[in-house]
Amino acid sequence: MSTRGHEAELFETDVLIIGGGVTGTGVMRDLALRGIRCLLIDRRDLNAGASGGNHGLLHSGGRYASADTETATECRQEGAILKRLAAECIDDCGGLFVAVEGDDIDYAERFPERCAAAGIPCEPLTPAAARELEPGLSDKAFAVYQVPDATVDPFRLTLENVNHAQQLSDSQYLPHTEVTDFEMDDHGAITATLCRNNRSGELRRIRASQVVNAGGAWAMEIARMAGCSDVSLIYSKGTLIISNIRLSDRVINRLRPPGDGDILVPGGTVSVLGTTSDNVESLERIRPTVDEVERNLAQGAMMMPRLDHTRFIRAFSGVRPLLQASGAGSDGRKASRGFTLFDHESQGLSNFATITGGKLTTFRLMAEKTGDLVAARLGVDTPCRTATEPLPSGDAIRWTEPGFAARYWYNRRDPKDMILCECEMVPQSAIDQIVEAAPGAEEKMSLEAIGLRSRVGKGSCQGSFCAIRVGSYLYERGVYDSPDGLRQMRNFVDGRFKGVRPVLWGEQMTQMELAEALHCGLMGLDKIGSNEPGSGE
Amino acid sequence: MQQKPRAYEVQLAVIGSGLAGFAASIFALERGLSTAQVGNTGAVAYTTGYLDLLGYHPVTGQQMLHDPWQGLETLRRDEPGHPYALIRNDEIADAFHLFTRAVSDMGVNYSAPGENNLAALTPSGTFKPTLSVPLTMLPGVEAHRRAARTRIVDILGLKGFSAREVVANLQDSWPGLSAVTINFPGMESGSQVYPEVMARALQVPAERELFAQQLREVAGDAEYLGLPAIMGIHEPDAVHNDLERLSGLRLFEIPTMPPAVAGIRLREAFEQIFPERGLLLIPQQKVDRVTPEADGTTLRLKDSYGDVSIHAQAVILATGRFLSGGLEALRDGVREALLNLPVTQPEGREAWYRERYFDPRGHLVNRAGIEIDPQFRPLGRDGKPASKRLFAAGVILAHQDWIRQRCGAGIAIASAYKAVESAAAMLTRQT
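These protein sequences, in sequence, are chains S and F. The opening residue of the first sequence carries number 0 in numbering that gives the first Met the number 0; numbering runs sequentially from there. The opening residue of the second sequence carries number 0 in numbering that gives the first Met the number 0; numbering runs sequentially from there.
One or more hints might be untrue.
Computed Cβ-Cβ distance ranges for the label pairs, DEER-style [as the list claims (entries may be wrong)]: (1) F:ARG360 with S:ALA436: 38 to 46 Å; (2) S:GLU280 with F:ARG299: 55 to 63 Å; (3) F:ALA350 with S:HIS186: 52 to 60 Å; (4) F:SER190 with S:GLU442: 25 to 33 Å; (5) F:ARG276 with S:ASP248: 51 to 59 Å; (6) S:ASP169 with F:GLY219: 43 to 51 Å.
Only some residues are given here: those of chain F computed to face chain S with a beta carbon under 7 Å [as the list claims (entries may be wrong)]: (7) TYR45; (8) SER123; (9) ARG163; (10) GLU164; (11) ALA328; (12) ARG348; (13) TYR356.
The set of hints was computed from the structure by calculation and includes no laboratory data. Bear in mind the structure is a predicted one, so any value in this text is a computation, not a measurement. Glycine included, every Cβ here is placed at the ideal spot set by N, Cα and C.
Generate coordinates for the entire structure from the input sequences, incorporating the hints supplied.
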C-alpha cells in the first residue's frame, strides 16, 4: 500500500478519512462494509478530541427534548440501534432527570410532553421512590423522571470500528499523521494530501479518490486548508471530573436548561460529572482548570450532595464542534447539537466532504450520511449496513472496559502473567496483545497509545506506578531499547498530570507527592530531555 | 482488657517517625535528653536509601551539583528563606556525620559524607546527586566512575526493575555495561517476587550460597554485578560482604520502586535499637491531641494497649508533608494537620501547580510549609513563635522543594540537628 519515495512516503487508497474520532472511524467502517478501501489518519491518535473528552453518555434524547426535538429524536433512534449492535460497549443503566429546589417548576412540568414529542419513554417517579433507587439524590429534589439513558465506552467503540474496517477491507489506520496541505487539479479535485508524521517528522503523501474531513473541532481548519470557507464552527470547551467510586447506578441529569455540573454519568467503577461550556477561540492548550472543577462541583452537589465529600481522580476537557447557524448567536449551550455534511460543491470541490457537529450518540447516522455521499461519488451502490450489522469485538480491543482485565486475569490463573497496572489490574499479556495487534499498534508504541487502548493509568494512581512498571516491562521485552523509553514514561505521566492537576486536594494530593518523589527523586525523569516531536501537545 | 492509661514524663517529645523524627531522636539521645518519639511513619518507607544534601541549584539546572557545599552558599544567597539559610555548612556537616555514624552503628553502614556529591545509580539508568549512600550501593558509584565491566542483573518476577532499561539508558557512556536476568533460588516459577521477601531470604546463609552460585554463573567477564536492592534487611553489609566473598565478585545494589528495602532497613534498625538506648518509641500511631500547659506540653494518643499520655518539656514537630500527614490539602487551602499552625502557601489551588508536570522550576505548593525563627520554632499567626517549647524539623518547613532540589534527607537531618540544639538550650535555660 505504501512506497517510500525520495521525499515523502506515498500511500494510495480509495478514500482518505481525516480524524480518528468516533465519526471518522464510523465512516471508515461504514465504507469498509460497502467494500470500499480507506486510509484513516489522525494528527494524534484515536479519540484525541471530543470523542475521548465527553461523558460517555448514550443519550436517550431527554437532554435535548425541551429545545431540539429533531436531535432528541435522532438520539433516541441511534441509541436504540447501538444498544442492539454494540452491546459490549454499552451499559444500559437507565437515567433520571431530577429538578431540585430553586429549579424552574414550569420547565420540569413540561418535560414529559417534550419527551413524548420526540418519542422518548419518560416515567414520573416520586422523589421518595427516586431516592430508593438512588440514595445519593438530594432530599431537595421535587420532580424526577426516568428515561432510557445509557452509557457507552467511546474508546471501545472507536477501536471496534477500526478493527472491523481492517478486517473487512484492505483499510488502514495511521496515527499521528497531520495534514499539512492539499494538492488540487484545475477541476476542483484533491489529487494528493500531504501529511507529516508527528512522531518521526517524516512526510507522507496520500493519493485518494475521495477525501473525508471528519476532524471534529479541527474540521473548520482542515476545510480552510482545502480552500473551503463554508464550515463555520463554535468551539465549546467542556470540562468533566471523574470520581474514584461509582456514585449512582443510573445517569443523573439535572432537569433544567443545560448548565455546569448537571449530568452525572456512571462508568464502570467511577462516575463522571460535567460539564462546563465555555467558548474558546483556539484549539491549542485545552486543559481543565480549577475554576471549571469548582463550577461543576457547586452545581453537581445540588443534585448529589455527597459530591462535596468525594475523592476525584482527574478532570478532562473536550471541545465540542458546534455548527454556527445563522441567528443562533454564539451561546454554546443554545447552539444546535445537530450535524451537517458539507459536500463542498458550492466551493468548487468535487471529491472532498466534511462531516462535523453532532453527538457521540449520533455518530453512526453521521457516518451513514457521509458514506452515502462518498459511495455515490465513487459509483458504488452498496447500501449502508451499519444499522443492521453488529460490531465484532477482538482480543486486542477489549482492554478499555473497566473490570475486564481483572476478570480475564483471574480466570486465566496464570501467576506468571504479572499485573503491571495494579489499580486497574492490567496484566503483561494485555500489554502484549495491544502492542502486537491493537488498531494503530506500531513499533516502539508509546505508553500514551497503550493507555488509550487499555485501562493503564486510569485508576487512582493515575499512572504514577504503572508508567514505570509498563515502561520497564517494554524495556525487558526489547520494545524500548534506548532513552526514548524514559521519555515515553515522562510524556505519559505528564499527560496524566494535565487532568490530575485541578483535582489535587485530600488523598489525591498525597498520591501526587508520592508520584513526584518517584518520578523525579527515584527515576530522575525531570532531568531527562523530552524532545520527541509532537510531545508538546 | 483495657489497661490503665500510661503516662510518661520526658524532656523532649519528637512527633513524626520519618527521617527528621529519627534524626531528632538520634541527636537528642547523643545529648543525653530523655526522649519520646511518636507519630506516623513518614516517607521513609519510600526512600531510595540515598542521603541527599543538595543535588541541583538552581533547581532548573540540568547539571548536578558537583560540590553541594559550594551550592549551599549560592542557595543561601538566592533563597534566603530556605531552611538551609538558617544552618551553617559546618553544622550541616556535623549533623550528617553524626547521623551516618549513628545509623552505621545500628547496622546500616553509610559512606562518609564527603566534599562532593556522588553520582548514584537509579533503576531507570539515570544518576542521582547525593552525599552519602549505603555501603551496599557504593560499589556502583565506583564501577561507573571507572566505567568497569559491569553486568546489571534483574530477577524474573520482579516488577518495575529492568536490567535492560538500566543498560539502554547508560550504554552510550558506559560501554562495558550489560544486562542479564536470573531466577531467585526457590522462586523460579516466574510469578511475582518481592524485594522484601528476597532480602529476608538472603539473611539465611544457605540461601546466600545458592544465590551467589547463580551470580557466578551469569557474571561472564564482568568485574561488578549490579542488583536490585535485596541484600538483607538486618545488617545488610554482612549479607553484602558474604555474597561478595561467596561469588568472588564486586556487588552493588540499585534502589527499587517502593515498597523497597532501603527504607525498611532504616525503620527496622531504628525501631530495634532506639528502645535499647532508652528512647520511648511509639511508632505508627497518630498523636490525637497536643495540650500546652504551664510546665510543658502533653501529647495524647492511643496504641493497641490503650491510652498514652506523654508530658514533655519540649516538642519537635517532624510530621512531614502530605504523604506523611503533616500537611493537609483541602479544597480551599493547605493546613498544618496537628496544631493548625499557619502555612505559607500560594494563593488558591490554581497557583499550587504549574501547568506542566515536569516544569523545571518545580511546583509552588511544594514550597508551602510552616515558618520558623532562627531557633527553629514555628511561627504563629502573629509572626511570633507559637510556643517557647515547640520546634520543627524536616520537610514540613516552608521555602524548600525537597524533591526537585534533591535535599530531603539533608533538610531532615540538618533541621533536626538545629531543632534539638535549640530545644536543648531551652531546657538548659529552664533548669
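Quick rundown of the hints versus the structure:
{"no.": "1", "hint": "F:ARG360 with S:ALA436: 38 to 46 Å", "result": "holds, 42 Å"}
{"no.": "2", "hint": "S:GLU280 with F:ARG299: 55 to 63 Å", "result": "holds, 58 Å"}
{"no.": "3", "hint": "F:ALA350 with S:HIS186: 52 to 60 Å", "result": "holds, 57 Å"}
{"no.": "4", "hint": "F:SER190 with S:GLU442: 25 to 33 Å", "result": "holds, 29 Å"}
{"no.": "5", "hint": "F:ARG276 with S:ASP248: 51 to 59 Å", "result": "holds, 58 Å"}
{"no.": "6", "hint": "S:ASP169 with F:GLY219: 43 to 51 Å", "result": "holds, 48 Å"}
{"no.": "7", "hint": "TYR45", "result": "holds, 6 Å"}
{"no.": "8", "hint": "SER123", "result": "holds, 4 Å"}
{"no.": "9", "hint": "ARG163", "result": "holds, 5 Å"}
{"no.": "10", "hint": "GLU164", "result": "holds, 4 Å"}
{"no.": "11", "hint": "ALA328", "result": "holds, 4 Å"}
{"no.": "12", "hint": "ARG348", "result": "holds, 4 Å"}
{"no.": "13", "hint": "TYR356", "result": "holds, 4 Å"}
Comparing the model with each earlier hint shows no violations; every hint is respected.
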